[in-house]
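Per the UniProt record's numbering, the sequence shown starts with residue 1, numbered consecutively.
Mixed in with the good hints there might be a few duds.
[Unchecked claim] Distance condition first, Cα-Cα at most 30 Å in a straight line; then the derived DSS-like pairs of lysine-lysine:
{"id": "1", "residue 1": "LYS383", "residue 2": "LYS351"}
{"id": "2", "residue 1": "LYS181", "residue 2": "LYS344"}
{"id": "3", "residue 1": "LYS181", "residue 2": "LYS351"}
{"id": "4", "residue 1": "LYS134", "residue 2": "LYS181"}
{"id": "5", "residue 1": "LYS383", "residue 2": "LYS419"}
{"id": "6", "residue 1": "LYS105", "residue 2": "LYS5"}
{"id": "7", "residue 1": "LYS5", "residue 2": "LYS134"}
If you're looking for bench data, these hints aren't it; they were derived computationally from the structure.
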Amino acid sequence: MADSKIVPVILAGGSGTRLWPISRDSLPKQFLPLSTSGATLYQDTLQRVAQSDLFAAPIIVTHEEFRFFAQRQARDIGVEPTVMLEPVRRDSAPALLAATLLAQKLHGEEATLLVLAADHVIGDIARFHEACRKALATATLGHIVTFGITPTEPRTSYGYIRRGAALNGGTAALVEAFAEKPNAQTARDYIEAGYLWNSGNFLFPAHVMMEEAEAFEPEIVEAVRRAVAGSTSDLGFCRLGAAFHAAPSLSIDYAVLERTSRAAVVEGSFPWSDVGSWNALREIGEPDEAGNVTRGPVRAVDATNSYIHSEGPLVAAVGIEGLSVVATGDAVLIMPSERSEEVKHLVASLKAERRNEATEHPRMHRPWGSYETINLGGRFRVKKIIVGPGERLSLQRHHHRSEHWVVVHGTAEVTVDEKVFMVQENESTYIPLGAVHRLTNPGRIPLELIEVQVGSYLGEDDIVRLDDVYNRVEPVAPVAVS
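Construct all of the structure, not just a fragment, from the sequences and the given hints.
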């Protein structure tokens, strides 16, 4: 028998390149504190479905690279989700269908799912829950229900929904058509005709979604069924089987929603944003009297209607209007706010040039903590490394570099070949080229150290893992430092 509660499925595998340079492949926007709540967008989404009388425990779908962000950020707010890992990105249809099959295993064949993007902002939780209840009533009639948002203006950055015949006493309607992102005039026409914004979030009975997917995309369903059947448990994560690679890459919109006759829409009158651009962040922020939204160390003089965001350095702006200015430790973005949709093209060009700034943050996060490059020369690299209490790096060796470690805070347990010893604050040790070594924090406070690498090659792929508590040991050299 199916669980009577709605099963939230949160899709958290996106890269969020339109919010570069803050959001990058190594740490995308859903895991960053970009809303006014102070929590990350992903945590806000989890909190949105934490009402125990309405929702079951959530299922998170994310990529291997983000598994520890998804797990730890959920636990930080007292949520214990099921985290499903995609072995490879295949767009939203395979991910969502895999989560649907898992929900049926956990909650019964007749389970009802609520699919949410992990990086959206919703401003009125009570009205959102009201819309969920209306959608649930319509879904029980055999519909896949999408949430259409009451437009506040003609936006060209959103898709639209045209409503058809009323359903369920007028609380919902059939979807007559989905419309792609329009030009400015068409967007105005849509608003006048009563179209809704397409939020990309929806609710449905699991068996209905699977029936429609079988009808339209049997190849995806077959690959996903085999991937779920071949899934394994790894440190509490549900890791999909290798068959997932065979699933064609396709969005759920193209795979099912735009082809099914069972699509319905419930209007959501709650404030909503997909946080898809820097201009969108300015709109959901709290402007000052001059219309500026600022975050971090910022000083604005005679500036109006601008968004200024700093991740560290002081940003001073004089006499600007309608600009977005975003600064990190290694990149600065400046542009007219109305052109913020073009950032994705900029990032694509940076990736084509293989610039690290396109994909990697100055501070790189790992399951055990983080590291940050402080200085880089021809034959040396200086890093600041932070290891969380009780955490440990992999047992490893390098082919091309030696390392010097200086502890500046906390206590380190160091393994070098057959020796295991402690290194206290203001003490140092040396790791010779080729030595098998490991770093552990045995204490209850973060361990901080400065690492100086010296060698002929300092790439992050000069590592051979021999043992790892996070199950990252591979038969060939991994691509990331640990």
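For each hint, the structure was consulted:
1. For the given pair, LYS383 sits about 24 Å from LYS351 by alpha-carbon distance, which is consistent with the 30 Å threshold.
2. Our distance criterion of 30 Å between C-alpha atoms is met by LYS181 and LYS344, whose separation comes to about 16 Å.
3. Of the pairs offered as hints, the one joining LYS181 and LYS351 holds, with about 26 Å between alpha carbons and a cut-off of 30 Å not exceeded.
4. Proximity of LYS134 to LYS181 is assessed by CA-CA distance (about 26 Å); at most 30 Å being required, the pair is judged to hold.
5. The straight-line distance between the Cα atoms of LYS383 and LYS419 is roughly 24 Å, inside the 30 Å bound, and the hint therefore holds.
6. Simply put, LYS105 and LYS5 have alpha-carbon atoms about 15 Å apart, close enough for the 30 Å limit, and the pair holds.
7. Pair hint LYS5 plus LYS134 holds up; C-alpha atoms about 14 Å apart against a cutoff of 30 Å.
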